[in-house]
Amino acid sequence: MASADTASASSFRPALAATYDGDDPSLLERILPLVDIIEVSPDTIARSDRAGVRLRPEILDEFGAVLPQLRLVAHGVGLSIGSFDHWNESYLALLDGLFSRFSLEWHSEHLACTIVAGENVGTMFPLPRTEEALDLVCERVAAIQERYRVPFLLEHVIHLLPDAPAEFTPAGFLNQITSRSGCGLILDAYNLECDAYNQGLDISAFLNELDLRPVRELHIAGGVEHKGFYLDIHSRRARDTTLALAREIIRRAPNLRLVTYEFLKEAVASLGHDAICAELARIRRSIHQ
Amino acid sequence: MTQLERYQRGLLDLIKRRGTPPCDPYLESVAGSRGLEMVREIALWWRALQLEAQCHFTCRLLKRLNCFDALVRAYFEGNPTSPFVEEQSRDFLAWLGTHSDDPLIRTTAEFEHALLEVAAGSVEIYEVLWDRHPERVLAALENGAEIPLAEPNCLYRIQIGAQVADTVACTREVRE
Numbered sequence: 002m003a004s005a006d007t008a009s010a011s012s013f014r015p016a017l018a019a020t021y022d023g024d025d026p027s028l029l030e031r032i033l034p035l036v037d038i039i040e041v042s043p044d045t046i047a048r049s050d051r052a053g054v055r056l057r058p059e060i061l062d063e064f065g066a067v068l069p070q071l072r073l074v075a076h077g078v079g080l081s082i083g084s085f086d087h088w089n090e091s092y093l094a095l096l097d098g099l100f101s102r103f104s105l106e107w108h109s110e111h112l113a114c115t116i117v118a119g120e121n122v123g124t125m126f127p128l129p130r131t132e133e134a135l136d137l138v139c140e141r142v143a144a145i146q147e148r149y150r151v152p153f154l155l156e157h158v159i160h161l162l163p164d165a166p167a168e169f170t171p172a173g174f175l176n177q178i179t180s181r182s183g184c185g186l187i188l189d190a191y192n193l194e195c196d197a198y199n200q201g202l203d204i205s206a207f208l209n210e211l212d213l214r215p216v217r218e219l220h221i222a223g224g225v226e227h228k229g230f231y232l233d234i235h236s237r238r239a240r241d242t243t244l245a246l247a248r249e250i251i252r253r254a255p256n257l258r259l260v261t262y263e264f265l266k267e268a269v270a271s272l273g274h275d276a277i278c279a280e281l282a283r284i285r286r287s288i289h290q
Numbered sequence: 020m021t022q023l024e025r026y027q028r029g030l031l032d033l034i035k036r037r038g039t040p041p042c043d044p045y046l047e048s049v050a051g052s053r054g055l056e057m058v059r060e061i062a063l064w065w066r067a068l069q070l071e072a073q074c075h076f077t078c079r080l081l082k083r084l085n086c087f088d089a090l091v092r093a094y095f096e097g098n099p100t101s102p103f104v105e106e107q108s109r110d111f112l113a114w115l116g117t118h119s120d121d122p123l124i125r126t127t128a129e130f131e132h133a134l135l136e137v138a139a140g141s142v143e144i145y146e147v148l149w150d151r152h153p154e155r156v157l158a159a160l161e162n163g164a165e166i167p168l169a170e171p172n173c174l175y176r177i178q179i180g181a182q183v184a185d186t187v188a189c190t191r192e193v194r195e
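So the sequence lines, in the order shown, correspond to chains A and B.
Our numbering puts the first residue of the first sequence at 2, with every later residue one more than the last.
Our numbering puts the first residue of the second sequence at 20, with every later residue one more than the last.
Heads up, some of the hints might be wrong.
Said to hold, decoys possible - Computed spacing ranges between beta-carbons, pair by pair: (1) A:His274 <-> B:Glu161: 20 to 30 Å; (2) B:Leu174 <-> A:Asp275: 50 to 60 Å; (3) B:Asp120 <-> A:Ile204: 50 to 60 Å; (4) A:Ala118 <-> B:Val142: 26 to 36 Å; (5) A:Leu68 <-> B:Leu148: 45 to 55 Å; (6) A:His227 <-> B:Asn85: 14 to 24 Å; (7) B:Leu148 <-> A:Arg148: 42 to 52 Å; (8) A:His227 <-> B:Ala50: 15 to 25 Å; (9) B:Leu148 <-> A:Glu59: 53 to 63 Å; (10) A:Ala118 <-> B:Ala169: 40 to 50 Å; (11) A:Glu133 <-> B:Asp185: 27 to 37 Å.
If you are wondering where the hints come from, they were derived from the structure by calculation, not from laboratory data.
Don't be surprised by glycine CBs; every beta carbon is placed ideally from N, CA and C.
The shape of chain A in the complex, shown without the other chains (with noise of 0.2 Å):
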């Protein structure tokens, strides 16, 4: 019988959520009423200038004008949680100043490394499944759960580059951090579908073997396709198969709690307005199927 916690995953609709990162006040006019929750990028509304790195107040000011109306939770990019040295503070400052500002359901980040010796890599790429991996990125987990006594997720990214070899499989990483850490997991549908085809992930096993239990947001977006490779580009509406694919794990997903639709702000301009609020209906539909 499944616990308080654990409630019955058929009984229960997740909320949905959209991103949004802020300078298109009427954009957010209009899917506020379509969401339950918004997802910021606290990295995408921050300038960096003389001073430091810190928040744009304009954009704060933005989610603050509808504050009543407002969840929101964060998802951060630029935290590089597996770097070999240390991670990026200037990060946790920009959360310390949205956590501030507001109260946040929780936060994210992607299991990946964007800065190496202080140096940005230009993009993200995954962490060797690896103990020495494992303890490094538990240990911060555990630093960032003291810091924030809010939910701390993480989700995977996808692999471009062949697999570096490994101590363990794709789930049962994931396994040992949430196990050992007590963090939860964003499971991206779109990501599993891009590691299927580019690098031959069996989602059906990934799904078999993974602690379904700590999943907590599901995230799902559209693509494109370059040179022979999925790419994790938000720049489209999802695909059929990626709806299927987050109906699946919303149904074995016991305390999965939020879907979010992600699009890129650039994508914004090519997508319209008008074609993300029906995706946002679309995928509410789809996922309260």
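Place chain B on chain A using the hints.
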């Protein structure tokens, strides 16, 4: 050096085309992979997108001169780029100001760099010398018109600063 450090430093070198070829079997497999080319392309695509958004005039000029992609790549591969867009843009423009052989690229980059520094809170007054009418150059970059030629006997002295009236002031000096 731990295995994690060796891998991450090795991947950074591979993405940025630096250093000697790896002697580690895993890094060798990455070096020969299709995925590495894709990762390099993605990293450069993001840099280009961000720089175009921030360094409007300079990027238009570089595209007009068909050297945008090559210079963005040279900058990315040769420098420790910042994860923050504004900082990266200022660094790129400062780098162009000292690494380009083309005087118009250098001048445009110096000018736009000064604008970004002032916008970022610098209290310095920057001076940039143009060999042709700067406003007409910027207008040409904006509307696609032909870029004016250098004026051999003229110098346009531009000052940029928060203390300067309207932030930018220009004087034209004619040499005898």
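Hint check results:
1. A:His274 <-> B:Glu161: 20 to 30 Å: Since the Cβ atoms of A:His274 and B:Glu161 sit about 27 Å apart, the hinted range of 20 to 30 Å holds.
2. B:Leu174 <-> A:Asp275: 50 to 60 Å: Holds: the Cβ-Cβ distance is about 52 Å, inside 50 to 60 Å.
3. B:Asp120 <-> A:Ile204: 50 to 60 Å: Once the Cβ atoms are compared, 52 Å apart, the range 50 to 60 Å for A:Ile204 and B:Asp120 holds.
4. A:Ala118 <-> B:Val142: 26 to 36 Å: holds (33 Å)
5. A:Leu68 <-> B:Leu148: 45 to 55 Å: holds (50 Å)
6. A:His227 <-> B:Asn85: 14 to 24 Å: holds (23 Å)
7. B:Leu148 <-> A:Arg148: 42 to 52 Å: Distance hint for B:Leu148, A:Arg148 holds at roughly 50 Å.
8. A:His227 <-> B:Ala50: 15 to 25 Å: The hint (15 to 25 Å, Cβ to Cβ) holds, given that A:His227 and B:Ala50 are roughly 21 Å apart.
9. B:Leu148 <-> A:Glu59: 53 to 63 Å: violated (35 Å)
10. A:Ala118 <-> B:Ala169: 40 to 50 Å: holds (43 Å)
11. A:Glu133 <-> B:Asp185: 27 to 37 Å: With Cβ atoms ~57 Å apart, the hint is violated.
Hint check: violations occur at hints 9 and 11; the rest are consistent with the structure.
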